[in-house]
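Student: Protein sequence lines, in the order shown, are assigned to chains A and B.
FYI, numbering that gives the first Met the number 0 numbers position 275 of the first sequence as 274, with every residue one higher than the one before it.
FYI, numbering that gives the first Met the number 0 numbers position 50 of the second sequence as 49, with every residue one higher than the one before it.
Just so you know, not all the hints are guaranteed correct.
[Said to hold, decoys possible] Some chain A residues judged to face chain B by a derived CB distance under 10 Å, without partners named:
1) T2
2) T15
3) V18
4) F133
5) A200
6) S204
7) L205
8) G227
9) P239
10) G320
11) T333
12) M335
13) R340
14) R350
15) L377
[What the hints assert, rightly or not] Below, simulated BS3-like cross-link-like pairs (lysine-lysine); rule was C-alpha separation at most 25 Å, straight line:
16) A/K403 to A/K384
17) B/K70 to A/K260
18) A/K373 to A/K403
19) A/K95 to A/K407
20) A/K384 to A/K407
21) A/K407 to A/K282
22) A/K95 to B/K11
23) A/K437 to A/K407
24) A/K282 to A/K437
25) B/K70 to A/K349
26) B/K14 to A/K89
27) A/K89 to A/K43
Quick caveat, the hints were computed from the structure, so don't treat them as lab data.
Just so we're clear, the structure is a prediction, and the values are computed from it rather than from any experiment.
Each residue gets a CB set at the ideal place from its N, CA and C atoms; glycine is no exception.
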Amino acid sequence: MKTAVEIANDVQTGATTAVAQLDAAYVAIEARNAELNVFLHLDKEGARKIAQAIDARVAAGENVGPLAGVPIAIKDNLCQTGIPTTCSSKILEGWKPPYNATVIDRLVAAGAVPVGKTNLDEFAMGSSTENSAFGPTRNPLDPSRVPGGSSGGSAAAVAGDMTSISLGSDTGGSIRQPAAFCGIVGMKPTYGLVSRYGLIAFASSLDQIGPFSKTVMDSAVLLEAIAGHDPLDSTSLPEPSPSLVSHVNDGVAGKRIGLVKELYEGADESVINAVMGAVAALKEAGAQIVELSIPELRLGLSAYYLIAPAEASSNLARFDGVRFGLRVDGEDVTAMMEATRTAGFGAEVKRRIMLGTYALSAGYYDAYYGQALKVRTLTINAFQKAYAQVDMLIGATTPGVAFKFGAKSDPMEMYLNDVFTIPTNLAGDPAVSVSFGKGEENLPIGVQLLGPGRSEASLYAAARVLEIADGRS
Amino acid sequence: MSSPLSRDDVAKVAKLARLRLTEEELTTFTGQLSGVLEHANDMNSLDLSALEPTSNPFGLTNVTREDVIWKSLDRDAVLAEAPDAQDGRFAVPRILGEAP
Chain A
0 MKTAVEIAND
10 VQTGATTAVA
20 QLDAAYVAIE
30 ARNAELNVFL
40 HLDKEGARKI
50 AQAIDARVAA
60 GENVGPLAGV
70 PIAIKDNLCQ
80 TGIPTTCSSK
90 ILEGWKPPYN
100 ATVIDRLVAA
110 GAVPVGKTNL
120 DEFAMGSSTE
130 NSAFGPTRNP
140 LDPSRVPGGS
150 SGGSAAAVAG
160 DMTSISLGSD
170 TGGSIRQPAA
180 FCGIVGMKPT
190 YGLVSRYGLI
200 AFASSLDQIG
210 PFSKTVMDSA
220 VLLEAIAGHD
230 PLDSTSLPEP
240 SPSLVSHVND
250 GVAGKRIGLV
260 KELYEGADES
270 VINAVMGAVA
280 ALKEAGAQIV
290 ELSIPELRLG
300 LSAYYLIAPA
310 EASSNLARFD
320 GVRFGLRVDG
330 EDVTAMMEAT
340 RTAGFGAEVK
350 RRIMLGTYAL
360 SAGYYDAYYG
370 QALKVRTLTI
380 NAFQKAYAQV
390 DMLIGATTPG
400 VAFKFGAKSD
410 PMEMYLNDVF
420 TIPTNLAGDP
430 AVSVSFGKGE
440 ENLPIGVQLL
450 GPGRSEASLY
460 AAARVLEIAD
470 GRS
Chain B
0 MSSPLSRDDV
10 AKVAKLARLR
20 LTEEELTTFT
30 GQLSGVLEHA
40 NDMNSLDLSA
50 LEPTSNPFGL
60 TNVTREDVIW
70 KSLDRDAVLA
80 EAPDAQDGRF
90 AVPRILGEAP
């Protein structure tokens, strides 16, 4: 499959058309969607109109943009006008947003063609897509295994050669973990770099939209297209989109990279070997490796599983049968709300709503939520101390390779899969997962590069070094 | 150690969150939620009294804008997606004891 950069170049030069690329994407999707359950909804008519408009602009001699005619898959927690947006929940079944997320407008402005909405764990709560109300997505590399989550559908769309790029969202690892399990590149940008307007909120202080792709360059092109200040998101950083593409081939010569014990210890041997292989490749490319221990990161999981549910319990209060989607009748308004929420939410969402409600309730607020917010401060301080010594950090993305369906039936065991990705979200910093090496059954392993806020350009440069070292030019 | 959460706690929280649980769900959730809270004990044993809590990683506060008219959603388009609407408003079952 061609990269997004190649497709855009071919469309712009007239070697192919946006319509032909779109048709090819739908052929690829339909060949495997019944088996893999990647897409929940396809917007064939709308996409065709966008593609035709791009072809008309190319014919008129216009420069369409960096993603000219590139089909892209969209996680189904991003609003697109008139297109069903479910968050993989029965509570939003049938609801069609009356507005576009900012990222959709920016994608279309850059020439991309959104083809449809991808499956996720309900309201992005999960690490396997097994929590989708519309059935799990299967990993294209091994359909007996999960693709990761929560952005499993968007990762599978790229890994399964349906689209070259896609968008996901990452609250505690939901882009990086599925990227690792599917053998692709997944970037969780700095908090506020990409507008969250139109992203249906899970945990507002942690959520961030980001790109999936096969190549580091495609990731940089896509992120550059969607990033930058948006007045519709009050937490949006006050600056324009950074220059990323021009730094992808900067290399790592002279960079100081911290190998963090707490970001690989306890992982499978094959994963640790991959991290060490990546470290050797970076050293070979001129980086200086510094071994670090940041024990505070171990507390991240506990803090996250109180902060994220607390914010979720508040954000998901809006789904009460009044304004969106499902309503189950009741004798009065309270009975209607209870009946609607009981029928509309799945078990994991109920669990997190209750955990969050408990953590915020009188008598427990200070002990749980308040303490978690202080651990968040502790995490930020610990990262800052590390970044005073080194330019970036390296570790594993996940403790193991993609697991089989049903392998983690206990919630706490599932949550532990996020142990290496969560600290970044608490700090609001960027991190990228890049495929490096193989583990059991020849399944891919993700190596994670982490940096301070606004360091995406350096992370991409290091990820590019690893991509080349792993044999992908 | 004893479970930090009782069945009654979970039942009370479910009521606050407007969720109805079956007896079986109550049992399952009590065990699972206790597991998560027990894991959080690693955090609760620390003295963090010297630290300020963080709710936004970059400390953004009071983001304001000019008070100008700005594009907004079309009322009819929004109401068309609601479960029930009447006279340009969202409609809900009766809230007070007696219907007017």
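Student: Okay, which hints does this one fail, numbers in order?
Tutor: Of the numbered hints, 1, 2, 3, 4, 5, 8, 9, 16, 17, 18, 19, 20, 21, 22, 25 do not hold.
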